[in-house]
Amino acid sequence: MSAPLSTRLPNKNVYNFTLRCLFFQILALICISFILLTNDSAVNIISNCLLACELTITYFVTSCVSFSVYLPQGNTSITTTTFVKVKNGLKGCGLYIISILVFHCIAVLYGAPFFESVAETFHFAMVMTSTAVLPPLCALGINFSSWIRVFAQNKPELGPESVVQIVTILSILGAWLGAFPIPLDWDRPWQIWPITCVLGSILGHIVGLFCGAIHLMYSYRKLKKFKIT
Amino acid sequence: MRGSGRHVVFYGDDTWLNLFPAHFSRQEGTTSFFVTDYTEVDDNVTRHLDIELKNGDFDLMILHYLGLDHIGHIAGPSSPLIGPKLQEMDRIIEKIHSHLRKLQSKDSLPNLLIVCGDHGMSDQGGHGGASDSEIKVPVMFLSTRSVVNEVEWRYEEIQQTDLCATLSVLLGVPIPQNNVGKVLTDLLYNHNVEQKVQIIQENTLQILKVFQHNVGKFEEDRAYSLYQRAAKSHSHWLGHLRSNISEPAWNLQGEKIIQQYKDSMVAMTSKLSTSLTSYDMYALTVIVILIWMVFLALLIECYKPLSHPFVHHQLLMTIAFFLGCVFCHVTICTNGLTHSDVLCSVTSVHSVVVQAVVLSAFSILLPVVIQGLFTLRCNIPVSLLRVDILGVFLVGGTIIHTLSLLSSSFVEEEHQTWYFLTVTFHLLIMYLVIKSGARVVRAPGSQCHGEYDAMYTEISQDHSVHSQNDSEHNFTRLRSKCSTSDENYEVPLHERSVSERSVSRDSGGVVYTLPKGRLAACVIVLILCRIMRGINQTGNKWLLQPDLGDWLVRPENQLILSALCILSIFVIIVVKHKQLPWKQKSILSISVLTVYLYRVRTGAFFGFGIQKTQGILEARLVFAFIFVFTALEVHRTIFSNSNIFSLQNTPDINSVLAYPSNTAPRSNTVSPSNMESSSNKADVGLTLISSIQCSWVIVMTLLMKPHNILLVGMVTLQEDIIWCDLRCWILQLPVSLRTLYCLWMGQAAFFYQGNSNSLSTVDIAAGYIGLGDFNPIITGILLTLSTYAGPIFWFICSLKFASTTSEIKQGIRSITQESLCSMVHTMLLCAAFVLSVYSTLTVFQRYHLFVWTVFSPKLLYEGMRTVILSAFCFFIFIGSYFLSC
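Protein chains in written order, with the numbering used here: chain R, 31 to 259; chain W, 97 to 981.
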């Protein structure tokens, strides 16, 4: 997962912006998870799962989109017309919806009921898309080749790309691990499908952000030292 | 009863006659294990009823009706057969009761009719689990006296053990010596308070005896003090002169004493039930250590190459260890600290043989393990570090599964673990498939480039043509190339300057073609997984959810079931008969059709008006067909053996010549389909394995429940898709990991069938297919085969996957042996791993609440699975020995 040493050093603006975004995101997400887990809040995930999912999704969408808008371009920033921007935005929305459907199908393949609790499964798919697909969608855009470079060839550039890769993998891993408590015979209210998986995904996302930040800082320092000497 | 000169007559289950020979004045038993018969067994009982009632000279009549139980086993509790059977039972009860009432007017003592079940029934129709519906049964006491007075109905929950004591009292015989039940005083209508108190006192004294015998330091126990209190107040009560107190107060006092006695009995029996389950700790420890040593020995074999265990100094060590073991054993047995019936008695031959086997196993394994542990540090498992994501996941998943068994709910829901793991594995394959579409076109000048480009065009052409075999072949070759080139040329790529890289990226250096065929294959495999898990709902937590199987079995859906099964039979014929000569093809088709006919005969399928029978002839015909087919195939293999082996070496040499760059370590293990380039010289072993698989599929369709034929079709289809389209991802793994994959799929298939880790899901009816009579050996074999049908299917597949590599290197026979060894080793290692961890857990948890309901059935299943695995490995060795001869 670690980027090779010869990777290009990220732009200082991009580096600072990414780090600031990461820490803001971590703090905000920890707050949101507290809200979701407090017993008597209106959006408690156990009593009101769908609403809690919707809150999370709204937060993710607004924060990611605003980050991507303000993400400072590197030196080779190409000026694009508004028409292209709108077109790309629409394409991104299309990808978002497709990815929701894909996650829904995957959840059903994993054993989520096909006819019952469709809304729950769909909300889970939306949360999964927001935690795992939205960050790369915002960081990489709809540039297909960079998606392949990051996720198929495992060669992300240091900066937003490497962070996004870590975040995506850990979000999916978190949701995967979140399924384990469901079959236990404790008969707790939170063992109902999607609650643990949603929480696992959010938790994985937070851990991913944290790991990404540490990875970014560590590699940046190392590379900088290497460049200077 | 017999001892006190009473007449007991018995009709029903012949297990009674084996348990109590010469106890009955008149008797007739019916074979209880032939479950497909549900009318004869009951008629055999009922036909004696009239004569017996007319005679009326019995003191106790026992009628054991088996029909209902059998219907439950074959068709489940929602079967249409249940209603008429219950009505029949109703009529019999009415008949007996009215007859007894007639007798009552002449007789002074009332008669009692007890109606009860010997066990309940789960919602699947089996029993042996611990659910409420299985362990709680209704008991009905119908006294003829209650009709004379007013009818009195009461509902109460009683213990099974109470029945014995109560009946003893009611029949006027002494309470049995080892009884732990208490008399149900509510049933003592004819007794006054003094008598009741006396009876309950006798009962308490008897239990006290058992208690004193079994519990050390009984004086300090709470139960004993309770008894003393009751006894004191009893003597106090008796000490009063009756005239001193009024009648109701006297009775009240008596009832109080009865309650006190009862409390003390409850306390004593609960104490008894915990202390009566004693375990042979010495034997348990020895066996667990033995299993662990087998596991460690197998694990050590992983790290170092196979060495012959009987080198000279090792033999000496073995003898030394043998003497040591014998010494320890004798010391432990004679010092009296532990008392072991299994390992320490010398009276029976059986026990002596067991001791000898255990001792010799110990002395052979100990040196191996000790030597292995000492040399372990020197050998780092290099081969294990090189595997990719799939391999890591396979090994990790196996470990996760084994550790998950430490929790009782994961044992109950083990199927969830397997479904989860297999789906994740196939999703990983899907990820790799999608990933494999991306290819970087290297900058010119790179050494790899030309070769690579050529390959790429080749593969894209193949995709457009879509010729399965060729594209398969090239694709794998390409993959092997790519993996090697990726490793070799990574360094120059990164050393290139930044600008060059960005240029190559921007100008569309990454070419992507979606491998549609493979992706579709992945999706179909995953969807099949999902449908199969929906057919039979199993486990504990979601057991009651409606599933596809329940819906299909309903009588109104028979037509749909038949249509789906014809479809799946069609799929089996199409998928499995691809490369067979016409003779074998026709035999197989006829046998599959006979299976359908058999199902029609037994009434499961829509039959166009064909008469219903037991279907014994049809089932036997199927077995005969399968036998003939296998014999033909084996003959074909042996016959073609000689000329195939001579031709076999040519393609290998060709491939080596054609691709001199195949020297990288990985490319040897990839490129599975060299033999496909010479499809006319098809591999002998592979053909034989496929034909064995064919016959096994037919056996599966015959043995499984009717709606599971659907499952057979889907499993076959799934395996075929994996074999045809996704093989390269599995074959790139070493043989041991491929075996692991097949074991996973086998376990998943085991649960798809509707099995669980509870004994109640075993389909007893499968043991009687094609049998007219009960035969313990054949029934046992059929039962085992049908229960483990899915795993056995995947074992055969693992043989297929393991033997495919054998073509890549030269010297076919030795390589085949090597890969077979590797496969067998993995299978045994897995079995030993699970067994060692699980048996240790069970020994530690032997006082756990769930030990008899969760842990021990699982241990039984695991043991049976190990037996089947060992038998399979044994057959492999025999088969490979004969083939290589």
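It is worth saying that the hints were derived from the structure and are not from the lab.
Hints should not be assumed to be uniformly reliable.
As the list claims (entries may be wrong) - Facing chain W, according to a computed beta carbon distance under 7 Å, are these residues of chain R, among others: (1) L139; (2) W177; (3) I178; (4) P213; (5) D215; (6) P219; (7) I222.
Predicted model, so just to flag it, every value in this text is computed and none were measured.
The beta-carbon is built from N, C-alpha and C at its ideal position, and this holds for glycine as well.
Here is how each hint holds up against the structure:
no.: 1; hint: L139; in the structure: 5 Å, holds
no.: 2; hint: W177; in the structure: 9 Å, violated
no.: 3; hint: I178; in the structure: 4 Å, holds
no.: 4; hint: P213; in the structure: 4 Å, holds
no.: 5; hint: D215; in the structure: 4 Å, holds
no.: 6; hint: P219; in the structure: 15 Å, violated
no.: 7; hint: I222; in the structure: 12 Å, violated
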